[in-house]
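With chain A held as given, fit chain B onto it using these hints.
If you read the protein sequences in the order shown, they are chains A and B. The numbers in our numbering rise by one with no breaks, and the one at position 250 of the first sequence is 250. Position in the second sequence (first residue = 1) + 645 = our numbering.
Hints are computed from structural coordinates only; laboratory data are not their basis. Hints are not guaranteed to be accurate.
[What the hints assert, rightly or not] Listed below are the simulated DSSO-like cross-link pairs for lysine-lysine, each with C-alpha atoms no more than 27 Å apart in a straight line:
| id | chain 1 | residue 1 | chain 2 | residue 2 |
| --- | --- | --- | --- | --- |
| 1 | B | K707 | A | K272 |
| 2 | B | K707 | A | K441 |
| 3 | A | K401 | B | K707 |
| 4 | A | K107 | B | K705 |
| 5 | B | K705 | A | K76 |
| 6 | A | K401 | A | K519 |
| 7 | A | K519 | B | K707 |
| 8 | A | K272 | B | K705 |
| 9 | A | K441 | A | K401 |
| 10 | A | K441 | A | K76 |
| 11 | B | K705 | A | K401 |
| 12 | A | K178 | A | K441 |
| 13 | A | K441 | A | K463 |
| 14 | B | K707 | A | K83 |
| 15 | B | K705 | A | K377 |
| 16 | A | K107 | A | K272 |
| 17 | A | K76 | B | K707 |
For reference, the chains in residue letters:
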Amino acid sequence: MDPAGANFIDLGFANVLFLLGLGFVGGMVSGFIGSGGAFVLTPAMMSMGAPGIVAVASNICHKFPKALVGAMKRAKYGQVDLKLGIIMGVSAEAGILYGAHIQESIKHSFGDAGSNLYVSAAFVVVLAIVGGYVLWDAVRIYRSGAQHAEEKVTGLARWVQSLHIPGTMVYFPSIKAKVSFLVTLPMGFATGMLAATIAVGGFVGVPSMMYVLGVPSLMASATELVIAFIMGVGGTIKYAWSGFVDIRLAMIILAGSLFGIQLGAIGTTYVKPYMVKVVMGTIMMIVLVSRGIVIPVYLSELEIIAPIGSGTTKVLKTVSFYVMVLALVVGASIILRALVGGMRAHRLELAAAAVPAPAPAAAPALTRLSPVGRFDKVLLATDGSEFSAGATRVALEMGPKCNAELTTMSMVLIGGYAEGNPVEVLREAEADAQRALEQVKREAHRRGYDTRTELRQGNQPYKEIVRLADDIRADVIVMGRRGRRGLARMMVGESTRSVIGYADCSVLVVPKAAGVWQKRILLATDGSRHSDMAAVVAGELARKCDLPISVVSVLRPQFDEARRAEGRAAMERVKTALEAEGATVEGAVLEGDPAAQITEFAQTRGADLVVLGSHGRTGLGRLLLGSVSERVIGQTTCPVLVVKA
Amino acid sequence: MAFGAVTATLYALLFAFEERILEITGQGGWTFVIPIAIAFTLSYTHGNFTASFWDWFGIKAKK
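Chain A on its own, in the form it takes in the complex (with noise of 0.2 Å):
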């Protein structure tokens, strides 16, 4: 390349605002939804003149230090993952370079037409498939009125999360897991080929992070400001190299843009986590339209189709560009929209926390008397491995929810399979634990949560914990489904059982992908007491979370009639209980194997949290858990919840 020198333009006052005034704009977008807020820049600097390769490198350049304040803005407010973001950096440099060599093949056999059509076919092929899709979630979330809820990981996620390729695993404190990093690897390199081609590579890497991995919109949307420096950096070396950034027109719209991004990033803190979402698939469907606008003039220079008079090619790229900053003027408009709603609500919860309680307050702790229902004491069962990640994620969530305590256990087995192990064996193996609960601790503040800690030795898991949560009168022990090592190999089957056997409390069983319920609840109910309890415990939740429930009765294939008109009647009880308690309820009356049947039933209507009830032996019996439930809790890929009265 060579150095551009003299083609450095002459700048007017009105160019100056305008270019501001875009930065400022695009800055918003940008410290929002982690980019997207650059593509209108290029053309914008052209249109005043700016040769094209100058407009590309003076935007590269004021993206860099603008991501690098948006990231340390974001970083503040605990939405960063910093690991993540390099790690996809790099990868992404790679992309670029890929991306700017197809670039400058394409442009080298079919001149700038076919380089301007590859760019906007890319542009609609991304933007269509990728912010469809966005926005059909977008939407999704909001019609099924979970906005409140967290949001959902996934089920390619959590594929994606238990994958385990040896010497490939990577923690990242995003989702609380390790994933290969040759998932991450694509993903970055997707993302530079992106930058590289349309300049906005937030449109593949943020979406490819919510989804592929599992990231939350906000910490996703956060961690693309990691990704963008690096991105930045390395493109603005490559440009400045050959001379080709106006570094007064790459100041100018950092100046603009900066104001923007502090914007953006405080608006991330009053919203709900699926508006990331809501702005980048508008604008990505409005960036759409205006490149698709524009792939007739491409077609027509390159003879594809039917030359295109001047005055209609100029007409069309005018438009192209302004639908561009409509773009990005609609997505800024629903952010600021977004913090002054956020904003206000907020400063009206204040004002709220601050008028004293009245006097009678006691009435709520009436409601409580009843150990039915009640989460005010959550005892965590953990050995740090991946296999209590879940179990660990929807403590930390529920507990808050539920302004519940929450104590956190691991232990240290001695005896047994450890007898025998040299000493310095179990010090390995209670230092093991004592990091696991000091994570969960650490992860607990980082939410402004705190958990009591309990690091326990025994020789049978379950009898410490049943212990533990009697010790501490817990209401409700959280803990995974199975392992493979430590105590959460003793979960596998039989300590699960256990301690749903033994425990007086509820149980929560967590798989360790799942997440914390948003959807629905799904109660499984066979008319007996201990199902009218474990309704009770899923009114409760509903309320809490503001879910519909599911109520759901099985009807064997040999049941008589008498059986099937009492598995009807169970059902119509427990709905019409729920719905006078204010409940959002659907009743289903399903036949077939009842464990087949629930399971099924919650896959398809989407529940995210089965709760059924213990039937609550004694004695010897107490080990058989049922095979129902044991089938429920192995086969569901959500939570269950065996509520003990």
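Then chain B, alone, in the frame of chain A:
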């Protein structure tokens, strides 16, 4: 306020010497460090100023 003053001064210097700066950075090669250094410096001073700016208007992150 101090960051605002420093930022304004730096921008004034940038435009006062714009021709000379563009002449040097337009040569490419190791002069790439100049735009990068300018970008880092202004991101620090202007970043701090803009953070305070919204604070003055009562626009602060939710705790």
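Index of numbered hints that the structure contradicts, given in increasing order: 4, 15 and 16
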